[in-house]
Amino acid sequence: MAEQVLSTPSLPRAQAANVRGATLRAVYMIWKRDLIRYVRDRMRLVASLAQPVLFLVVFGSGLSSALSGAGGGFGGPGSTLKYVQFIFPGIIGMSVLFTSIFGAMSIVWDREFGFLKEVLVAPIHRSAVAVGKTLGGATQAMIQGLVILVLAPIVGVKLTVVGVIELIPLVFIFAFTVSALGVAIAARMRTMQGFQVVMNFLMMPMFFLAGALFPLGGNLPAWLSVLTRFDPASYGIDALRRTVLSAAGVPANLLDRLGLTVFGQTLSLWTEEAVLLAFGLVMLALAVHGFRQRD
Amino acid sequence: MGKLSRVTQPVISVRDLVKTYGKVEAVRGIDLEVGPGEIFGFLGPNGAGKSTTISILCTLVRPTSGVAEVAGIDVVRDPSAVRARIGLVFQDPSLDGQLTGRENLEFHGYLYGLPAATRKQRIDDALSIVELTDRAGSTVLTYSGGMRRRLEIARGILHYPQVLFLDEPTLGLDPQTRNRIWEYLHAVRTREHITIFMTTHYMDEAEFCDRIAIIDQGRIVALGTPAELKSKVGGDVVTITTPDPAAAAAQMRSVMHLDATQVDGTLRVEVADSASFMPRLFTELSVPISAVSAHRPSLDDVFLKLTGRAIREQESGPLDMMRNMRRVWGGRR
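Chains as they are written, first to last, in my numbering: chain A, 1 to 295; chain B, 1 to 333.
Just chain A, with the same shape it has in the complex (with noise of 0.2 angstroms):
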């Protein structure tokens, strides 16, 4: 039985040393499993629509018709901006805000169910979760927050290919951050009753804050329009705006009166997707200590 056992083949045990190989086939495995999931889930592919056609359809149109009263668009005097098409890049970044954080809390879940330990025992380096996690996140709101440009012809908004071609990575970069704070958080979260509080004290602020349902660039009070700069998802949302927007044929002054200005001056879209792909870096390196500690 010995002998038998000591002239076994045991070439795959001498690929499995290989332990960065190995950290990079689970990157991409631990992202494919969200994607089959994600695709196989076709109920939530419905179901998360329904919230952002609410948004345009019903709070956008009913807003618009009270605040395009007195001759001329949202915007101020002369504008042909109507309110539901102001929102329309937000309620894109709203989607990829909460596909990202529930896609996160994915994490928790698997805890939950056991699935996580299958993760967590094989020999890679804990580094592969955080990052598979957070990309696996990042393309489904990537995907759902895309998916929003159909309803575009609803509300009035013009795209373009290459519109939509620039959007792309701006929308990735957005779905990474927000999924690598996510990640980041629910690295240490142990149960789920921790995912009401994540919802209501982090996922709405966000949200609210972000400026995807007001212009950040009108009189706020101080207090608010401090706070509106500290929120990532901020500098994320004015940048669909703009690129949105822009191809739409919405004139450039009108859109740097609405958007975010940090100190008074407008930011360019690369500073904004640098403070944006900055903050989500970090995130990232705490969601991977957040998995270094044993369970």
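Think of the hints as simulated: they come from the structure by calculation, not from any bench. Check before you lean on any hint, since a few could be wrong.
Stated by the list, open to error - Part of the chain A face toward chain B, derived, beta carbon under 8 angstroms: (1) 22; (2) 26; (3) 118; (4) 123; (5) 124.
Said to hold, decoys possible - Residues from chain A shown here face chain B by an in silico Cβ test under 8 angstroms; the list is partial: (6) 25; (7) 33; (8) 36; (9) 37; (10) 40; (11) 43; (12) 114; (13) 115; (14) 117; (15) 121; (16) 122.
Stated by the list, open to error - Taking CB as the label site, the calculated pair distances span: (17) B:62 x A:57: 38 to 46 angstroms; (18) A:57 x B:118: 22 to 30 angstroms; (19) A:147 x B:67: 55 to 63 angstroms; (20) B:22 x A:169: 45 to 53 angstroms; (21) A:196 x B:290: 37 to 45 angstroms; (22) B:278 x A:112: 50 to 58 angstroms; (23) B:23 x A:202: 33 to 41 angstroms; (24) A:269 x B:125: 50 to 58 angstroms; (25) A:202 x B:308: 53 to 61 angstroms.
Owing to the predicted nature of the structure, the values given are computational and were not obtained by experimental measurement. Even glycine gets a Cβ: it sits at the ideal position worked out from N, Cα and C.
Chain A is fixed; fit chain B onto it per the hints.
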């Protein structure tokens, strides 16, 4: 002679292992060695230290002191190397219900770095050992509890581990399914030349093992083959039901010079030969006897003899009930 025994290096080697949680001593100095190709059973009631020990061996928990080596590698010094060489079947299910059986195995294959060229073949082999080839394309949500366990076993051996660890692999399964799981484990051992280390609190299951260690309150109280352990209980075990067990025990002590133990209102006594003992029982005792039965000693009897307690007494705690419920309902999340 000494040289010969060196050829079979132990696959698992544990020396004076201790684990304390605060003031609670979960494991209080365990020594054991498991040879290659062995099926080694770790037996004991809940809370005896089984899961803690297996968790240390699997690098999930750090020992407080002592040494544990798996495949010749220290579990504290190089946990990654140990993890690459072991397969695990956890006490609680750890499959992704929304993935198919095959996808669960693919996921595992990637995590453990199975080369792409052989991955598919290996998954097919593992599925066929546990006879899940037909259902490999269905999501795990549609699997029964027994099928999930089989899939977990297939997953545990997928990456050619040297040792397969199973923590209570048959917990919550019906007896028929439990026996099937054992058939698969023996098939795995034969086909994969693998060492199997498992815990259970079902005494009858220990009979399927080559060697077992009985653990109680963090210490190993007996270690050997099932036959060796059973020989610790001399002859047969006779169980006597009587309206007055205390009086009967006293009489047996004084008249027959036998030491009977009282368990669940019945008396148990070990005798060399039950056939000749029973007639004596009726003639020499004045206490009425309502029933007598005799059986060959089981590991339950061994445990009882070594610890003075029946293992059944602690068998089903609230945690087990919860686990069983989850086994049943876990799929419908």
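Evaluated hints:
Using the Cβ-Cβ criterion of 8 angstroms, the hint placing residue 22 (chain A) at the interface with chain B is satisfied: the shortest such distance is roughly 4 angstroms. For residue 26 (chain A), the interface hint holds, the least distance from its beta-carbon to any beta-carbon of chain B being 5 angstroms, beneath 8 angstroms. Interface hint status for residue 118 (chain A): upheld, as the beta-carbon distance to the closest one in chain B is roughly 5 angstroms, under 8 angstroms. Among the interface hints, the one on residue 123 (chain A) holds; its C-beta lies about 4 angstroms from the nearest C-beta in chain B, closer than the 8 angstroms criterion.
Taking 8 angstroms as the C-beta cut-off, the interface hint given for residue 124 (chain A) holds, the closest approach to chain B being about 6 angstroms. Using the Cβ-Cβ criterion of 8 angstroms, the hint placing residue 25 (chain A) at the interface with chain B is satisfied: the shortest such distance is roughly 5 angstroms. With a least beta-carbon distance of about 6 angstroms to chain B, the hint placing residue 33 (chain A) at the interface is held under the 8 angstroms criterion. Below 8 angstroms, beta-carbon pairs count as interface contacts, and residue 36 (chain A) has one with chain B at about 6 angstroms; its hint therefore holds.
Taking 8 angstroms as the C-beta contact cut-off toward chain B, the hint placing residue 37 (chain A) at the interface holds, the least distance being around 5 angstroms. For residue 40 (chain A), the suggested interface contact is upheld, since its CB lies about 6 angstroms from the closest CB of chain B, less than 8 angstroms. For residue 43 (chain A), the interface hint is violated, since its Cβ never comes within 8 angstroms of a Cβ in chain B; the closest pair sits about 12 angstroms apart. With its C-beta approaching chain B no nearer than about 4 angstroms, residue 114 (chain A) sits inside the 8 angstroms limit, and its interface hint holds.
Interface hint status for residue 115 (chain A): upheld, as the beta-carbon distance to the closest one in chain B is roughly 5 angstroms, under 8 angstroms. Checking residue 117 (chain A) against chain B by beta carbon gives a least distance of about 5 angstroms; that is within 8 angstroms, so the hint holds. Given hint, residue 121 (chain A) at the interface with chain B, holds; its Cβ is 6 angstroms from that chain's nearest Cβ, closer than 8 angstroms. Look at residue 122 (chain A): its Cβ gets to within about 4 angstroms of chain B, closer than 8 angstroms, so that hint holds up.
A C-beta distance of roughly 57 angstroms is found between residue 62 (chain B) and residue 57 (chain A), which places it outside the suggested range of 38 to 46 angstroms. Checked against the given bound of 22 to 30 angstroms, the beta carbons of residue 57 (chain A) and residue 118 (chain B), roughly 54 angstroms apart, lie outside it. Look at residue 147 (chain A) against residue 67 (chain B): about 56 angstroms separates their beta carbons, and that is inside 55 to 63 angstroms. Between residue 22 (chain B) and residue 169 (chain A) the beta carbons are some 51 angstroms apart, a value that agrees with the proposed interval 45 to 53 angstroms.
Look at residue 196 (chain A) against residue 290 (chain B): about 60 angstroms separates their beta carbons, and that is not inside 37 to 45 angstroms. Taking 50 to 58 angstroms as the suggested C-beta distance range, the pair residue 278 (chain B) and residue 112 (chain A) conforms, at roughly 55 angstroms. In this structure the supplied range 33 to 41 angstroms holds for residue 23 (chain B) paired with residue 202 (chain A), their Cβ-Cβ distance being about 38 angstroms. The supplied range of 50 to 58 angstroms is met by residue 269 (chain A) and residue 125 (chain B), whose beta-carbon atoms lie about 53 angstroms from each other.
Distance hint for residue 202 (chain A) and residue 308 (chain B): a CB-CB separation of about 55 angstroms, consistent with the stated range 53 to 61 angstroms.
Comparing the model with each numbered hint stated earlier shows that hints 11, 17, 18 and 21 do not hold.
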